[in-house]
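Take 1 as the starting number for the sequence shown in this note's numbering and just add one per residue.
Using C-beta positions, here's what the derived DEER-type ranges look like:
#: 1; residue 1: ILE260; residue 2: PHE16; range: 17 to 27 angstroms
#: 2; residue 1: GLU266; residue 2: GLU113; range: 36 to 46 angstroms
#: 3; residue 1: TRP162; residue 2: ILE260; range: 17 to 27 angstroms
#: 4; residue 1: THR84; residue 2: ASN243; range: 48 to 58 angstroms
#: 5; residue 1: PRO15; residue 2: GLY107; range: 23 to 33 angstroms
In short, the hints are calculated from the structure, not lab data. Virtual Cβ for every residue (Gly too), placed ideally from N, Cα, C.
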Amino acid sequence: MNFSVTMLGTASAVPFSDRNPSAQALSVHGRLYLLDCGEGTQQRLRQEHLSFVKIQAIFISHIHGDHLFGLFGLLNTMSLFHRTAPLSIFGPSNLAPVLDFFLNTFGAQLGFELVFTPLTMEEPEEIFSDGDLHVSAFPLNHNTPCYGFLCTEEVGLRRNAWKPRTYAYCSDTAPFPELPNWIKGVDMLYHEATYPQELAHKAQQYFHSTSLDAARCAAEAEAGTLIIGHYSSRIKDLSIFVNECRTIFANTVAADDGDIFEIPMER
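My request is simple: use the sequences and hints to build the entire structure.
Below you can see the structure in the form of structure tokens.
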């Protein structure tokens with residue numbers, strides 16, 4: 001019974017030669033769920049041998065291009081692969097006209113239904129459940145409507161059931177006091193760390209976080225592990241981010257594209 005996340009893109013707005021914009025694939029009990037879908041997502045899915053057919057739902061944090069531009073090519077490829085099952089997409093309400101434009105322009109070519117659920121909540125709220133995974137969404141503090149996602153494993157009534165595993169995805173956000181409480185005790189936290197502390201003024205200007213902001217959130221949330229990403233293209237040496245984080249939260253890992261993080265079972 002796997003519960004793992006594959007990093008499909010760990011860059012911020014500007015792609016690197018070896019680093020795509022934001023996207024992650026969460027694998028739970030053999031099913032796949034996408035968290036954001038930046039440019040290059042479908043190529044990275046193929047490189048990681050992850051099946052498009054197994055994608056159950058796509059969760060878009062906000063409509064900045066580095067979190068979204070891979071979606072439309074992926075939908076087209078799903079259609080070429082003869083997908084017929086409906087696909088659920090969750091995102092802020094301002095994603096609706098973008099999807100409408102795509103459907104009005106190319107929708108006749110799709111062989112499956114898109115089911116869009118707009119996110120408008122002001123505090124955590126469950127938005128998805130399919131028997132393997134529960135997903136709650138919560139608002140983040142960015143310069144456009146933006147949402148994080150708390151993913152909780154469904155273990156049901158299995159004999160000798162293990163503790164449900166949890167993963168929180170906090171994409172673009174400036175720090176704010178409610179966030180650690182909303183994800184309290186999470187097993188693994190992905191938190192953006194766009195800038196090192198010396199560029200804190202940039203983080204404040206663009207509603208992003210520094211490495212120390214991410215580490216403080218993980219510590220206050222009592223997270224098991226902190227994964228950082230969404231690195232500014234200004235910074236090439238990721239050890240700068242990790243070393244700063246570890247002054248506050250020791251169990252920090254800097255994600256690279258292609259990394260797979262498994263959350264083990266605990267009974």
